[in-house]
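> What follows is the residue order along each chain.
Protein chains: 2
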Amino acid sequence: MVNRSSLEEAVLAGLRPAKEERDHVCGIAQRILEKIRQGGKAEGMVVGSIARHTWVKGDRDLDVFMLFDPSLSREQLEAEGLALARSIAAAFTDNYHEKYAEHPYINATIDDVDVDLVPCYKVESAARIQSAVDRTPFHTRYITEKINGLIDDVLLLKRFAKAGGIYGSDQMTEGFSGYLCELLVLHYGGFTPLLNAAAEWKPRTLIDVENHVAKEFDEPLVMIDPVDPKRNVAAAVSVDRMAEFVELARGYLESPSAAFFELPQEPPIAREDLEKLLDGRGTSLFAITFATPPYIEEIVVPQLKRSTLAISEFLERNGFAVHHADYRMGKEESLILVELLVSRLPAIRSHAGPPVWNRVNAEKFRAKYLMSDLPGPYIVNGRYETEVPREFRHAGDLLRSEGMLQVSLGKHVRQAFENGWKVHEGPACWSPGFASFIGGFFGRCSPLVSLGKGK
Amino acid sequence: MVNRSSLEEAVLAGLRPAKEERDHVCGIAQRILEKIRQGGKAEGMVVGSIARHTWVKGDRDLDVFMLFDPSLSREQLEAEGLALARSIAAAFTDNYHEKYAEHPYINATIDDVDVDLVPCYKVESAARIQSAVDRTPFHTRYITEKINGLIDDVLLLKRFAKAGGIYGSDQMTEGFSGYLCELLVLHYGGFTPLLNAAAEWKPRTLIDVENHVAKEFDEPLVMIDPVDPKRNVAAAVSVDRMAEFVELARGYLESPSAAFFELPQEPPIAREDLEKLLDGRGTSLFAITFATPPYIEEIVVPQLKRSTLAISEFLERNGFAVHHADYRMGKEESLILVELLVSRLPAIRSHAGPPVWNRVNAEKFRAKYLMSDLPGPYIVNGRYETEVPREFRHAGDLLRSEGMLQVSLGKHVRQAFENGWKVHEGPACWSPGFASFIGGFFGRCSPLVSLGKGK
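Heads up: the sequence lines are chains F and H, in that order. Counted the way full-length UniProt numbering counts, the first sequence spans residues 1 to 455. Counted the way full-length UniProt numbering counts, the second sequence spans residues 1 to 455.
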């Protein structure tokens with residue numbers, strides 16, 4: 001059995017930023033704050049993990065907020081805020097550009113640090129925020145006040161979650177944000193007590209540090225925001241990411257090892273290996289590729305997810321049993337990958353009709369199918385049923401059909417499809433850009449199992 | 001449009017027994033009754049359609065009941081009843097033998113008439129019957145008293161039902177008994193008013209001529225026995241036979257024709273036609289054959305029905321989608337015929353595990369499948385799931401496997417299977433003895449549709 005404290009100490013040595021790194025990043029932060037002060041238009045504040053001392057060595061994400069008078073209109077805030085952010089960025093670098101979340105902000109690269117300059121309102125309490133970004137300073141104040149003595153625990157947890165593939169509240173990950181990690185460590189009093197508790201979590205776990213919950217939540221994990229009783233900090237956490245965290249916690253407590261802190265790798269699969277794999281499995285693989293919609297991940301990924309579900313349902317409705325489906329947003333091209341148990345079906349299918357007792361509809365149905373060459377209409381459990389020719393005998397034809405535009409793709413995915421999509425089958429699904437994704441598709445295991453299998 | 005009354009008159013001319021036929025059968029009946037009277041042990045009574053004058057030309061089924069004193073024990077009734085029946089039969093013919101329903105009775109062929117000599121108790125009212133046969137004399141008295149003027153209507157209805165394939169309360173037909181036909185005509189006041197009503201029937205139609213229902217019934221058609229308020233005369237009628245009667249009624253009212261009274265024929269299919277048919281359909285046909293259990297239809301057919309359902313479920317549970325299944329009890333050999341949409345499946349399948357939240361079971365499941373070469377265990381909706389090798393990739397192997405003996409076959413069908421069963425595939429399912437049945441399997445239509453298609 002590995003010694004936990006020496007193992008964790010060794011991991012921490014690789015996570016804590018060195019003094020020079022800290023001085024360097026903090027120096028840049030200080031210079032930016034000074035510039036803001038000189039401008040006199042807003043109050044500067046460093047937020048995020050750097051402000052909270054919970055950043056991991058090598059991270060270079062510096063978030064500087066510029067807090068404006070809340071009497072400004074939204075338009076004024078956006079105009080003045082952006083102007084200020086731009087002028088500050090320009091004082092340090094030419095390498096900056098506008099970005100957009102709920103508001104526009106400026107992203108600049110200053111030395112090797114990725115700096116966000118974000119205008120927001122300086123509100124008196126979190127209850128008065130006018131947009132989500134106004135909440136961030138409160139989070140920073142809350143954590144900064146309480147996190148003393150638990151910073152190592154936060155660093156361990158963040159790395160543990162990242163290694164397990166469950167770190168990040170983005171749409172693709174549906175996992176644990178940095179702020180959530182901080183609150184979990186605070187609430188349970190450390191990394192180990194958190195793991196002990198998580199090993200016994202069940203869906204609908206509610207954590208309310210400030211004991212002020214003011215709303216019903218139905219997400220599997222609920223962490224009431226200490227600065228906003230109506231917000232679930234864990235809203236992004238899917239039930240599967242939660243379950244994966246639970247099994248990682250159990251696994252680490254049972255047999256701790258450095259592997260729990262090593263970043264996962266998705267090894268690419270070679271085309272000839274895919275070919276052999278498919279031969280052995282006897283399944284039918286289809287890849288649908290199309291131009292990635294020109295929008296950010298937060299918009300595109302949920303649409304890819306919905307489209308994958310809708311296409312799977314479309315296949316099932318047409319008799320093709322889906323074994324597994326997944327999607328990947330690439331830079332230029334996105335992909336929906338579907339593995340079918342069956343890709344060829346008979347020429348006929350059953351078609352259900354009305355109950356015989358419904359005279360009007362029953363007679364219409366009978367009249368319509370009476371002279372078909374196929375068996376039927378016949379009566380099953382008091383209802384008419386008949387055989388009809390199957391429109392699509394091959395899944396590939398179905399996936400290439402116009403009917404694909406009728407399924408519930410997201411708006412931008414549909415636009416992409418309207419410009420065309422390609423359907424590949426079998427080993428032809430392989431492409432160098434998606435070789436890792438396809439490898440992961442066929443190697444899928446929960447994080448703890450991946451460790452157990454030595455991947 | 002055909003003239004209904006002249007059409008029906010022409011049909012009736014072929015149904016009414018001629019005077020000589022009536023005299024001949026009634027003569028035999030009289031001589032049997034006389035013998036019983038002479039014996040002095042029981043009272044003789046002709047029952048069934050011959051007694052009620054509702055028999056169809058050519059029918060030669062004479063039912064003579066021998067009513068004994070109800071103070072006799074059951075053993076005495078069986079012994080004395082059988083002795084009397086035997087002595088009477090012997091007075092007319094050597095061609096008689098014992099049969100068994102609820103009691104033993106004697107079946108004899110006297111001239112060309114098939115005579116049943118059935119001992120029963122002479123009870124005072126139908127409420128006091130000691131076995132089902134005791135009820136029959138009450139039925140006969142009830143119908144004989146009331147049927148005057150409606151005999152032609154009963155003959156028409158019986159033929160109409162027989163032509164539609166829905167006449168008979170046996171297990172194979174699940175249709176309309178003669179007594180039920182008589183009561184329907186009585187209740188509605190004739191063949192045409194019955195059809196008018198039936199065209200609008202819905203499941204849970206309740207007919208209670210004597211207005212004395214004394215029990216809840218959940219069959220689709222309920223005809224309260226006028227002589228027994230706790231009995232449904234239509235208990236055998238399945239919802240599909242009821243629906244078929246409804247559609248025949250509608251069809252005949254809309255466009256009457258002689259075809260509605262012509263007995264159906266199931267044309268045999270030729271082996272090479274079956275081969276072509278299967279090629280065109282692209283389905284997979286399997287026939288399971290085995291020695292017919294040496295019991296009467298009433299016992300074997302329900303077991304075949306249950307076995308067909310159980311084998312279909314067994315196929316579906318193993319991933320083979322069943323399109324249609326049916327069974328046929330042959331003299332020597334019986335057959336279960338199954339048409340599949342898919343008969344070959346991949347090497348792998350998904351296997352669901354416990355929720356991750358159930359720590360004990362989750363850890364057992366993970367440990368069990370951890371080192372498998374296949375993907376998994378992974379987490380889906382908070383539950384473990386994994387891939388496992390599929391035991392049977394081909395439906396034929398599954399149908400030949402020992403697992404067949406674990407499905408819910410009936411007792412005697414299982415005994416037959418224990419002595420072996422054969423599995424045939426594709427055109428090899430064909431055999432001369434089942435050529436008509438197989439033709440019907442692929443030509444299945446409701447009775448009215450069969451008429452419409454000119455079959």
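If you are wondering where the hints come from, they were derived from the structure by calculation, not from laboratory data. Yeah, the Cβ is synthetic: ideal placement off N, Cα and C, and Gly gets one too. Accuracy of the hints is not assured; some may be wrong.
Quick partial rundown of chain F residues pointing at chain H, CB under 10 Å, derived from the structure [to be verified]:
id, residue
1, ASP111
2, PHE290
3, PHE314
Partial pick of chain H residues on the chain F-facing surface, computed with a CB cut under 8 Å [said to hold, decoys possible]:
id, residue
4, VAL239
5, LYS364
6, LYS368
7, MET371
> For each hint, tell me whether it holds in the structure or not.
Here's how the hints hold up against the structure:
1. ASP111: Violated, because the Cβ-Cβ distance from F:ASP111 to chain H comes to roughly 42 Å (cut-off 10 Å).
2. PHE290: 26 Å, violated
3. PHE314: Violated, about 18 Å.
4. VAL239: 4 Å, holds
5. LYS364: Violated. Min distance 13 Å.
6. LYS368: 11 Å, violated
7. MET371: 7 Å, holds
In terms of the numbered hints stated before, the structure departs from hints 1, 2, 3, 5 and 6, listed from lowest to highest.
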